[in-house]
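Listed here are the chains, written in short residue letters.
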Amino acid sequence: MRRTSWETLTTKYPALFSIILIVVALLINLSLQPNLFSRDTLNSNLRVFLPSVLLAVGQAFVILGGGIDISVGGIVSIVNTVLAVQVGLNGSVEKMWLYVGISLLIGIICGALNGFFIAVLRLQPIITTYATSFLFGGLALFVLPNPGGGIPQSIANIYRSTTPLGIPLGFYIIAILILLWQYLRSTRYGSYLYSVGGKADAAYETGVPVTWINFSTYVISGLMAALSGIAITMLSGSGNAEIGSPMTLTAITAVVIGGTPLSGGIGGITGPIMGALTLGIIQNIVSFAHVNTWWETFVKATIIVVALAAPGIINLFGRRKS
Amino acid sequence: MKRLYISPPVAALILAIILFLLSGFLPNGFGNDINIAIAQATNILRLSVFLGVIAAGQTLVILSGYEGIDLSAGSVVTLTAILTYVLVNGRDEKVFYAFLIALLAGALVGLINGLGITFLKISPFVMTLSMSGVVTGLIIIINHGNVSGKVAPIMTRLIARPLSPNIPIPNAIIIWVIFGILMWLLLERTTFGKHVFAIGVNRVTSRLSGINVNATNLAVYSLAGALAGFGGFLVVGNTGVVFIALGQPFLFPSIAAVAVGGTLLSGGKGSYWGTMAGAIVLTLITSLLTTMQMPESIRRVVLGATLLVMISIYGRQRGFRQ
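Sequence order for the protein chains is A and B. If you read the first sequence in the working numbering, its first letter stands for residue 3, the second for the next number, and so on. If you read the second sequence in the working numbering, its first letter stands for residue 629, the second for the next number, and so on.
Wrong hints could be hidden among the right ones.
What the simulated footprint calls covered on chain B by chain A, stretch by stretch (three residues with Cβ under 8 angstroms from a Cβ of chain A suffice, anywhere in the stretch; the number is not a length) [unchecked claim]: (1) 744-750; (2) 766-772; (3) 914-928.
Read the hints as simulated data drawn from the structure, not as lab findings. Glycine residues also receive a C-beta, built at the ideal position from the N, C-alpha and C atoms.
Chain A on its own, in the form it takes in the complex (with noise of 0.2 angstroms):
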């Protein structure tokens, strides 16, 4: 019994259909946008792609240790509300750089909330990380009833237009994240990760600190949710306690997109990374290949769809000719 090449390939290397997507996409946006590899092109793409990419390396961790983690929306609020509320507009550097502390502080509490419940009380994520979302995005609205508020001109700029060697400040971020993550693998940490996110069960009769672990996935998320939220509040450089609500689907929709099943133990993170900038390249194709607006929504969902769904045409299409 021969199993389809593809098949195997698929199996075998897990990230190569988003590496074909993210290929295919970026052709279909060259082509729109002949001058996208520019340096200055590059940089405002990736500035606004950053943001996502953070939060869908978070929900990477999350769902290979078996979980989801759908607060991750609310902490970004929280923390953009928090960063335009008390810095302001006129704030002092040193200011800014205290509450960039304070708010990755507030993204570990906030991650190490849904680990508690999920991880040492054994609620199901799914529900928990929903409960949670209320609680983080109304306190966001609390601190911010209205949107405004605000971080300094200067501040905002060093995330927008800082591109060392000439090379935008998002390449960076995005190759330490894959350095830590071969690094972090490679160690004890990521194997038990991945035994966790495959069968919980046997995990826990071999001795590997299940509960830890999923604790861990949880607070990892936190954070890079609060990353991602100081991410797109320098982006912006303003207030708003929506922001975050749309985000959170994305960085999930980023994971599978990635290669990376919502059942857990299979994947990385270089995957999500890729499903990520797929999303963001995808709305770049919408807008720029001049959609009428009506349309605009419906295209992007139906790439989506389609995007998810070809390497299940591909297998179903395999195995008939097997």
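With the hints as your guide, set chain B onto chain A.
For chain B alone, coordinates are given in the frame of chain A:
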């Protein structure tokens, strides 16, 4: 040692009654007049009907297991509400036709969900989420920012008004009771219902015992879509107006209602009675917070915290040591 066991639907119902009684002592509460209290209780029940019907499809999908969830329910509600609104356009004789179209449109979206999930192996969370985007896109295309239509007098008569002037029970509640009995018959007294529970527990053993797992799964998602369509029809009959964000506020409460009603989010165990009780609890909390004139931020925090407490009580999964 014998532990006191209260089944989740009963627990949710008791919670609803306690909350309702307590609300009499709150500021802006329902006062001490028994007639006003009964009228308020009826009103809250009436409001629960819409969430309850929309959550019926969600119950089926969640019962069928394997991360089953329907995130397209909200946009299907909007779609069918708008379809009904436009097709009926104030004419009584068109109501039945519009009702069928609403069910069919919902079933079609559900069928596409089911096809993607069953044959292309896309995870239900992502598949239904993306379909939600597609449906929203479709609504924007059909809608073009404004719709002209009108609900028919007979719809308001059948849904929003009481049965007769002497019996102050709104028809919506009667529809819901009949609907609840039908759902119970479907789940507990038909082969299909038994199959839904069976595939929710274990699909491999279900297939080996001769259940057509794929067909059952397809039917579950199509039926869930049709039920969301029915929900949309009821909602527009009650409110008489449509707008693009009509259905979305029902989406997550519908999942929460299922969870509060004690249906396991992992599938295979639960009931529609529980979902009905859950819908009442959620509607009650929302209306209480509204009558207490809490700002949106506090409302969200309280809703999130309540949900957390309720799932902490009986949403816990089995520990590893057992």
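Hint check results:
For the stretch 744-750 of chain B, the proposed coverage by chain A is satisfied: 5 residues have a C-beta within less than 8 angstroms of a C-beta in that chain, meeting the threshold of three. Counting residues of the stretch 766-772 of chain B whose beta carbon lies closer than 8 angstroms to any beta carbon of chain A gives 4, which meets the minimum of three for the stated coverage. Coverage of a stretch by a chain is defined here by at least three residues with a beta carbon nearer than 8 angstroms to that chain's beta carbons; for the stretch 914-928 of chain B and chain A the count is 6, and the condition holds.
Every hint, counting from the list given before, is met by this structure.
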